[in-house]
Amino acid sequence: MERKEWPLWEVFVRSRNGLDHKHCGSVHAPDAKLALQVARDVYTRRQEGVSIWVVQADHIVASDPDAKPELFDPAEDKIYRHPTFYQLPDEVNHM
Amino acid sequence: MYTQALDIPQQNPEAKGPRVVENPAYQAEFDAKVDAGGYIEAKDWMPESYRKTLIRQISQHAHSEIVGMLPEGNWITRAPTLKRKAILIAKVQDEGGHGLYLYAAAETLGVSRDELIEALHSGKAKYSSIFNYPTLTWADIGVIGWLVDGAAIMNQIPLCKCSYGPYARAMVRVCKEESFHQRQGYDLLLTMMKGTQEQRDMVQDAVNRWWWPSIMMFGPHDKDSVHSTQSARWGIKRISNDDLRQKFVDATVEQAKVLGVTMPDPELKWNAERGHHDFGAIDWDEFWNVVNGHGQGNVDRLAARVKAWEDGAWVRAAALEYARKQAAREHQAA
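Chains A and B, in that order, are what the protein sequence lines are. According to the UniProt record's numbering, the stretch in the first sequence is residues 1 to 95, in order. According to the UniProt record's numbering, the stretch in the second sequence is residues 1 to 334, in order.
Hint data in this document are derived by calculation from the structure and do not stem from the laboratory. Worth double-checking, as some hints may not be accurate.
What the hints assert, rightly or not - Covered by chain B, according to a simulated footprint, are these stretches of chain A (three or more residues, beta-carbon under 8 Å):
| # | stretch |
| --- | --- |
| 1 | 4 to 15 |
| 2 | 22 to 28 |
| 3 | 80 to 90 |
To be verified - So the derived label-pair ranges between C-beta atoms look like this:
| # | chain 1 | residue 1 | chain 2 | residue 2 | range |
| --- | --- | --- | --- | --- | --- |
| 4 | B | Gln255 | A | Leu88 | 19 to 27 Å |
| 5 | B | Ala90 | A | Asp66 | 39 to 47 Å |
| 6 | B | Ala327 | A | Asn93 | 53 to 61 Å |
To be verified - A few chain A residues that face chain B, going by a derived Cβ cut-off under 8 Å, partial list only:
| # | residue |
| --- | --- |
| 7 | Val42 |
| 8 | Arg45 |
| 9 | Pro65 |
Cβ atoms here follow ideal geometry from the backbone N, Cα and C, with glycine treated the same way.
All chains should be modelled from the sequences, with the hints used to inform the complete structure.
Have a look at this one:
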């Protein structure tokens with residue numbers, strides 16, 4: 001079967017050194033080299049980035065939105081994982 | 001860019017009928033999220049009609065950006081100075097970029113880029129009526145930036161907070177870039193107004209032609225707007241067509257004064273009681289005529305779009321084939 005549409009790539013841009021690459025959208029391109037080129041033209045026309053990652057969208061594995069409760073709710077009642085859980089005397093509370 | 005056609009019905013309106021709640025538990029969760037001003041993300045459950053409305057609106061918006069490159073692109077080779085030429089190229093490139101952000105947002109709803117483009121080219125999908133007017137002089141380029149992009153900004157700012165995350169994020173990006181479009185247009189006009197009488201007349205003539213189409217960009221009056229109530233309920237539309245139009249008129253009157261032009265509407269005047277400007281009746285027959293494909297430019301615009309797409313087909317095919325061969329070669333070498 002002939003595929004006519006260029007594959008979809010997800011684009012991640014590091015806006016400056018010291019920050020994470022952040023997802024900013026997607027582009028269609030026939031291969032990785034052109035995906036980078038297109039991403040540069042579409043997402044960094046005003047110096048929005050110093051580094052770009054492109055990942056073919058098919059290669060991204062995402063969690064199931066329906067699985068939100070079992071994946072993320074268990075963390076809800078573990079308040080002892082947060083520093084504010086611990087009441088310390090005023091003199092040392094900046095700890 | 002340029003939204004407007006946001007609540008213009010498609011050629012084949014979705015079948016009318018009682019609204020079906022497909023999944024009551026999910027629907028309740030969805031409603032609660034939207035009511036609380038939260039965001040819906042791509043893979044979240046959403047009512048089918050919400051998905052369809054968004055696909056229609058986002059793709060109309062994307063198409064408008066892409067078709068919007070044509071009237072301005074016409075003037076790139078005729079820009080009066082190198083500076084203006086560089087600015088216009090940057091603006092037209094931005095419009096292309098905006099179209100691409102928006103196509104990408106629409107694709108998260110499960111429609112392919114090819115389907116979207118096919119809908120534009122076959123005339124099934126709408127785009128903003130504004131691009132079916134011709135750009136006759138260089139002053140039109142300034143007026144498009146000032147009025148058309150100005151109206152678009154009014155329309156688009158509320159969309160940055162719309163309930164569908166990928167659309168809202170694309171709009172944040174678009175709005176950041178849009179201010180340059182309006183300001184360069186106004187700056188261009190200011191320069192022309194400091195020139196000869198002929199140049200000033202050219203600006204006034206362009207304002208006369210673009211004023212009414214610009215305020216039509218906000219779409220039908222609230223009472224006649226087909227999709228508005230449902231879209232407001234879904235957090236897609238935050239401010240009504242008439243409120244946005246009024247805001248635009250109020251903002252623009254002062255800018256016209258500074259520029260030294262008048263609007264072609266004898267009924268346009270300040271109403272102290274309302275705290276707003278009154279303005280004359282809009283010619284909706286003209287609006288629907290243009291939306292439905294009978295404007296001066298509809299045929300040319302679509303023909304130019306289709307030609308560009310078809311002329312580029314061999315390039316797209318060749319690039320894909322090259323990528324396939326490269327991949328096969330690498331596979332063999334490995």
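Each hint, compared with the structure:
Interface restraint, the stretch 4 to 15 of chain A with chain B: holds (4 residues with C-beta to C-beta distance below 8 Å; minimum three). Here's how the stretch 22 to 28 of chain A fares: 5 of its residues keep a CB closer than 8 Å to some CB of chain B, so the rule of at least three is met and the hint holds. Coverage of a stretch by a chain is defined here by at least three residues with a beta carbon nearer than 8 Å to that chain's beta carbons; for the stretch 80 to 90 of chain A and chain B the count is 0, and the condition is violated. A C-beta distance of roughly 59 Å is found between Gln255/B and Leu88/A, which places it outside the suggested range of 19 to 27 Å.
The supplied range of 39 to 47 Å is met by Ala90/B and Asp66/A, whose beta-carbon atoms lie about 44 Å from each other. For Ala327/B and Asn93/A, the Cβ-Cβ distance of about 60 Å falls inside the hinted range of 53 to 61 Å, so the restraint holds. Because the smallest distance between the Cβ of Val42/A and any Cβ of chain B comes to about 5 Å, under 8 Å, the interface hint for this residue holds. A least Cβ separation of about 6 Å between Arg45/A and chain B falls short of the 8 Å threshold, and the interface hint therefore holds.
For Pro65/A, the interface hint holds, since its Cβ comes within 8 Å of a Cβ in chain B; the closest pair sits about 5 Å apart.
The structure fails hints 3, 4 (numbered hints given earlier, in ascending order).
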